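Each chain is listed here by its residues.
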Amino acid sequence: MSLLSIESISKAFGGLRAINSLNIEVDQGEIVSVIGPNGAGKTTFFNLVTGMETPDSGNIVFDGHNVVGLRPNQILELGLARTFQNVRLFPTMTVKENVMVGQHCRGKAGLIGAIFKTKSQRSEEARIEARAEEVLSFFGTRLAGYRHDQLAFVLSYANRRRLEIARAMATEPRLLLLDEPTAGMNPRETIELTELIGRLRDEKGYTIVIIEHDMQVVRNVSDRVIVLDHGEKLTEGTYDEVSTNEAVIEAYLGRPSERR
Amino acid sequence: MAQVTAPSPARPVEVELRPAPPVDLGRAARLGLIGGVAMVLVAATGIVGTFQTRLLIDPILPLGLLFLYLLAFAFGWMAGKPPAALEGFAPARANSRNLVAGALAGALGGLCVGVLAALMSTFDLRGVFVQLSPQLLEILTFGLPLGAAIIAIVAISAVAGAIGAGVHLLPVRLKRSLLPALVWVMMFALFTDLVGQLFAGLSAEFLTDFLFTGRGGALTIVGAITVFIVVFVAYWLLGGRETTLRERIEAMPRGQRTRFSLIAAAVILIILWFVPKVMGPFVSQVLDTAGIYLLMALGLNIVVGYAGMLDLGYVAFFAVGAYTGAILTSPQSPAFTPQLLLIVAIPFVMIAAALAGLMVATPVIRMRGDYLAIVTLGFGEIARILFNSEWLAPIFGGAQGITNIPDLQIGPLQLSTPQDYFYPIFLFVLIAAYVTFALQNSRWGRAWMAMREDESVAEAMGVNVVTAKLSAFVVGAVLASFGGALFGAQIGSVFPHSFDIVVSVTVLVIIIVGGMGSVPGVALGALVLIVLPNLLREFSQYQFLFYGVLLIVMMLTKPEGFIPSKRRAQELHADELSQDAWLDIYGDKPTTDATTTEPPR
Chain A
1 MSLLSIESIS
11 KAFGGLRAIN
21 SLNIEVDQGE
31 IVSVIGPNGA
41 GKTTFFNLVT
51 GMETPDSGNI
61 VFDGHNVVGL
71 RPNQILELGL
81 ARTFQNVRLF
91 PTMTVKENVM
101 VGQHCRGKAG
111 LIGAIFKTKS
121 QRSEEARIEA
131 RAEEVLSFFG
141 TRLAGYRHDQ
151 LAFVLSYANR
161 RRLEIARAMA
171 TEPRLLLLDE
181 PTAGMNPRET
191 IELTELIGRL
201 RDEKGYTIVI
211 IEHDMQVVRN
221 VSDRVIVLDH
231 GEKLTEGTYD
241 EVSTNEAVIE
251 AYLGRPSERR
Chain B
1001 MAQVTAPSPA
1011 RPVEVELRPA
1021 PPVDLGRAAR
1031 LGLIGGVAMV
1041 LVAATGIVGT
1051 FQTRLLIDPI
1061 LPLGLLFLYL
1071 LAFAFGWMAG
1081 KPPAALEGFA
1091 PARANSRNLV
1101 AGALAGALGG
1111 LCVGVLAALM
1121 STFDLRGVFV
1131 QLSPQLLEIL
1141 TFGLPLGAAI
1151 IAIVAISAVA
1161 GAIGAGVHLL
1171 PVRLKRSLLP
1181 ALVWVMMFAL
1191 FTDLVGQLFA
1201 GLSAEFLTDF
1211 LFTGRGGALT
1221 IVGAITVFIV
1231 VFVAYWLLGG
1241 RETTLRERIE
1251 AMPRGQRTRF
1261 SLIAAAVILI
1271 ILWFVPKVMG
1281 PFVSQVLDTA
1291 GIYLLMALGL
1301 NIVVGYAGML
1311 DLGYVAFFAV
1321 GAYTGAILTS
1331 PQSPAFTPQL
1341 LLIVAIPFVM
1351 IAAALAGLMV
1361 ATPVIRMRGD
1371 YLAIVTLGFG
1381 EIARILFNSE
1391 WLAPIFGGAQ
1401 GITNIPDLQI
1411 GPLQLSTPQD
1421 YFYPIFLFVL
1431 IAAYVTFALQ
1441 NSRWGRAWMA
1451 MREDESVAEA
1461 MGVNVVTAKL
1471 SAFVVGAVLA
1481 SFGGALFGAQ
1491 IGSVFPHSFD
1501 IVVSVTVLVI
1511 IIVGGMGSVP
1521 GVALGALVLI
1531 VLPNLLREFS
1541 QYQFLFYGVL
1551 LIVMMLTKPE
1561 GFIPSKRRAQ
1571 ELHADELSQD
1581 AWLDIYGDKP
1591 TTDATTTEPP
1601 R
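If you read the protein sequences in the order shown, they are chains A and B.
Mind the numbering: the first sequence is residues 1 to 260 in the working numbering, read in order.
Mind the numbering: the second sequence is residues 1001 to 1601 in the working numbering, read in order.
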């Protein structure tokens, strides 16, 4: 059975049909890329899956639970975390605090525990901190050492993107949704991130769905590619199948200009 | 000073620094005119006239005119200030041109006052400005004929402005001793009653007799000179050190630092123990009021500073605490009279406040920002009107309120005087401060901050925003209710009109001026906004004018508050920090106060 199965969901904003009876299956351990022209409904698709928007009709089943109608924090608790296209960190919290917020859903300590510094609260706090440091160490020296106590808004653009992934990892997800993780990165950083996405699956065992415009990245990371256009699935398949598909070339990739 | 010990990073490239631009005389003229408007306003609001009889230093320095010429001094100081060093320019050094700028600003300010004097002697302006009386004209012109008076005013203002600018020319160590000495003289002169009370409490009345013209009198010339010399010498000797106390504490090894802070805390507690005994009932009463406001401010700090929800009706929770305490303890309570001891009633007060917090928070869960502020403003007013209403008078006593609230009793101890109440209020303030610290670095503390930064992302990252909002409101409400219960017991009665919107606004201003999210900042804010106005009763008619000026000046120059939390300071001064980073490398930082932020770590 697939980890995430989306059964004919639709979403309209006023007269605009952003998503139109879309069906998608994602299996455990896969890396699936979602591509398509601007306005194809890719980010809306992420918003629907994570509960930030509610579909007008259809079902979203994650790991046997129908998540339609659940609050975003409840969906996240089931193991479905995301990053944002326009990096949305908590700017005046430190790098480590940003990641520790990700651990929030895995903790239980309440206000009373924090005020009286109970034993369980202290051990949980130590565990959250250790977990946050472990997650940050996944990025090598990029987010290490003194950066832990830097405020998030002073980070470079690429590091902000990394920190967003770290924050999502700290929620201990099973499925990770990455919204254009390489946007605005230079070629070297893009290669580094491509490797990182592979490591996320191989070492951490996450299933990954990724929205991406850089076709190099799509070719290098994905097991399967889904093409969206006008809120509908145009086609799906391996990179080679999709990149030679006439409809995809027409809608998104474009053809090389003909020689005269 | 600090720069001497800090290792200077290597200069990556040697660059030719361009000479700094000279001080801008056009700007000085503009500042002078702005200063002139301020001086005219000070005269027109009656401050000069009212305080002319109050002598700061007997018999030479009346407060009224000092106010006027202090403005000339301040604007001269601003006009003569060397500009902040820009990248590629050598740091500016003050020279005689700065003096000219200061004098120019002062003279233009004085000219405005001169024009005012001329207008006043030609027309009767009292139809519009009641305070512009012939007496004021007499004061402004020193009794001289108009022409001579204008020359005198302009000359005095120019000198005051030049002195203000001259501060920038002083060597740092001299400046660091001179200014505090002047400030201390001013404080002795302003707070005569407080100082007299302090000396009386320490049974050192001979000092009062020596420094002042009798008990309750003004500072004498000898007294002023004595205070000046003592403070100057003390600061001069301390100023010789190369590191500040703070840096030395931070340089200590961990164990020593812990021991040092423990000893410091113990010393502070011992001093505080003696404060009410030494300072007598009046000052203790003022400190009690400040303590109650501080308690509220710490509570509101959690709601606004941590969770980022602007609550303008915070006084409602204060009122709930006061009324619950009153109903449970007073024999005069209209509905039912359990006549509990306040100690026993406190848990019920907490429960009532928590319920009130939930009641206000539940309808506003889905609201953000401005909308939340307006709705809570409405709730605050609803609470006051309900307590005031005839409909609920059988429970809350309507406009008559609830009287005869018994004093706080702890075991055999019966507290009655303001001095007694200082201790329980202070204890609750300590508890509130501890709770603030404990929650700051906790799971929910981080959740609140995440929610403040970006609510939808916080929710997408697993924070249950409903619980987070409700809990922030409840914690804030409970802290305010403690203040309310103590307030009721101390005053002995509660009336609806004590729970005005002004209380909410004052508490919010305390947080903003003090430094949002920072406990020491909020404490200082309460000190400045509650203690000072109460000690300076003579100025009470101008209290809100000063509040307004203070708020505007703070928002323009130090929007993060007196003692900001580190992150807010960094956020609001990010540009300056990057500017100062350049200065650290190319060194030679000007030793003026042109750059107020600390260098990046």
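Rather than coming from a laboratory, the hints here were simulated on the basis of the structure.
Bear in mind the structure is a predicted one, so any value in this text is a computation, not a measurement.
Heads up, a few of these hints could be off.
In silico SDA-like links for lysine to any residue, alpha-carbon gap of 25 Å or less [what the hints assert, rightly or not]:
(1) B:Lys-1277 - B:Val-1267
(2) B:Lys-1566 - A:Lys-119
(3) A:Lys-117 - B:Phe-1260
(4) B:Lys-1277 - B:Gly-1216
(5) A:Lys-117 - B:Ile-1346
(6) A:Lys-119 - B:Gln-1440
Note to self: Hinted pair, alpha-carbon criterion (25 Å max): Lys-117 of chain A, Phe-1260 of chain B. Please report holds or violated.
What the structure shows: Within the cut-off at roughly 24 Å; holds.
Notebook entry, point to check: For the pair supplied as a hint, Lys-1277 of chain B and Val-1267 of chain B, is the alpha-carbon distance within the 25 Å limit?
Noted result: holds, 16 Å
Note to self: Next pair to validate is Lys-117 of chain A with Ile-1346 of chain B; report whether the Cα-Cα distance is within 25 Å.
What the structure shows: The hint holds at about 22 Å.
Checklist line | 25 Å limit on alpha-carbon distance, applied to hinted pair Lys-1277 of chain B and Gly-1216 of chain B | finding: Holds, at roughly 20 Å.
Notebook entry, point to check: Within a Cα-Cα threshold of 25 Å, do Lys-1566 of chain B and Lys-119 of chain A meet the stated pairing?
Noted result: violated, 29 Å
Checklist line | 25 Å limit on alpha-carbon distance, applied to hinted pair Lys-119 of chain A and Gln-1440 of chain B | finding: holds, 18 Å
When held up to the earlier numbered hints, the structure conflicts with hint 2 and nothing else.
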